[in-house]
Amino acid sequence: MTDSAESEKAPGSLTLTPELAAYLAEQVRLQVEEELRKRGLESPRPKRVALIASKGTLDMAYPPLILATTAAAMDMEAAIFFTLYGIDIIKKRTCSDLKVPSLANPAMPVPVPNIVGVLPGMTWMASWMMKDWMKKGGVPTIPDLLDMARENGVRLIACQMSLDVLGIKKEELIDGLEFAGAGAFLDYAAEADITLFV
Amino acid sequence: MAKFTPHRTLDCRGDACPMPLLKTKKAMNDLASGQILEVLGTDPGSKNDLPSWAKRTGNIYLGEEEEAGGLFHFYLQKK
Numbered sequence: 001m002t003d004s005a006e007s008e009k010a011p012g013s014l015t016l017t018p019e020l021a022a023y024l025a026e027q028v029r030l031q032v033e034e035e036l037r038k039r040g041l042e043s044p045r046p047k048r049v050a051l052i053a054s055k056g057t058l059d060m061a062y063p064p065l066i067l068a069t070t071a072a073a074m075d076m077e078a079a080i081f082f083t084l085y086g087i088d089i090i091k092k093r094t095c096s097d098l099k100v101p102s103l104a105n106p107a108m109p110v111p112v113p114n115i116v117g118v119l120p121g122m123t124w125m126a127s128w129m130m131k132d133w134m135k136k137g138g139v140p141t142i143p144d145l146l147d148m149a150r151e152n153g154v155r156l157i158a159c160q161m162s163l164d165v166l167g168i169k170k171e172e173l174i175d176g177l178e179f180a181g182a183g184a185f186l187d188y189a190a191e192a193d194i195t196l197f198v
Numbered sequence: 001m002a003k004f005t006p007h008r009t010l011d012c013r014g015d016a017c018p019m020p021l022l023k024t025k026k027a028m029n030d031l032a033s034g035q036i037l038e039v040l041g042t043d044p045g046s047k048n049d050l051p052s053w054a055k056r057t058g059n060i061y062l063g064e065e066e067e068a069g070g071l072f073h074f075y076l077q078k079k
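For the protein sequence lines, the chains are A and B, in the order given. Under the working numbering, think of the first position of the first sequence as 1, with each following residue one higher. Under the working numbering, think of the first position of the second sequence as 1, with each following residue one higher.
One or more hints might be untrue.
Dumping the calculated EDC-like pairs for lysine to aspartate or glutamate here, alpha-carbon to alpha-carbon at most 16 Å [claimed, not checked]:
1. K99(A) / D59(A)
2. K23(B) / D147(A)
3. K55(B) / D147(A)
By construction, these hints were calculated from the structure, which means they are not laboratory data.
Just chain A, same shape as in the assembly:
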């Protein structure tokens, strides 16, 4: 549909509709890309994101999973290396039941003195509150994000050393994982464009 008020008269009798402007911009971009390719200036390799998830709390589980699933949607390669307490994010028993610490957490929405944070039930309450906001806010759950990550080709890598020292068996973990150590992660991360430690 043409909105004549918004359109400009291009040279000649051509009407520059938004669709035509977008089409022309795209053609220019393709031409530039083609020229760059001819000159060998463009790398065909997709951008790569390498993330480390080292914490097993609900608030620290979200950033790596949101970034990795988004990276996959942006045609990037992504992998998350789960290490130490981060393993809890990929454990069948704990992935849907991660907690928010109520102690030493000055960012609690309802300010709670630390002395109250030690009381029984406070961790449960803080965790319930965060899950409730996430649900109301339209943010997916951790198990949902894990599913989306695997569906979209995000590599989920469990740190073999962490499993050994924490005494965790592979059967306790969700399906679709890879198992590797620091060497394999660094090999992947050495070619990465974005690397973050969470």
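Starting from the known structure of chain A, arrange chain B on it as the hints suggest.
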């Protein structure tokens, strides 16, 4: 009146980051080159996220319209 005639409309109302982007990616996979996707959303972050997504994936971000009450119409064209 919408500036663009979409071939498909995707409902992301109530969804927050990262869902509008993940759903957009999925919906765009089903469109043919040149077709236009309309994304309905209430997440103001999408105003920045969807153009960035389009730039990275080579698709075209045509623009957005905002209705009173915070409802956005985003228009994207498949490359």
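Structure-based check of all given hints:
| no. | hint | verdict |
| --- | --- | --- |
| 1 | K99(A) / D59(A) | holds, 8 Å |
| 2 | K23(B) / D147(A) | holds, 14 Å |
| 3 | K55(B) / D147(A) | violated, 26 Å |
Going through the hint list in order, the structure does not satisfy hint 3, though it satisfies all others.
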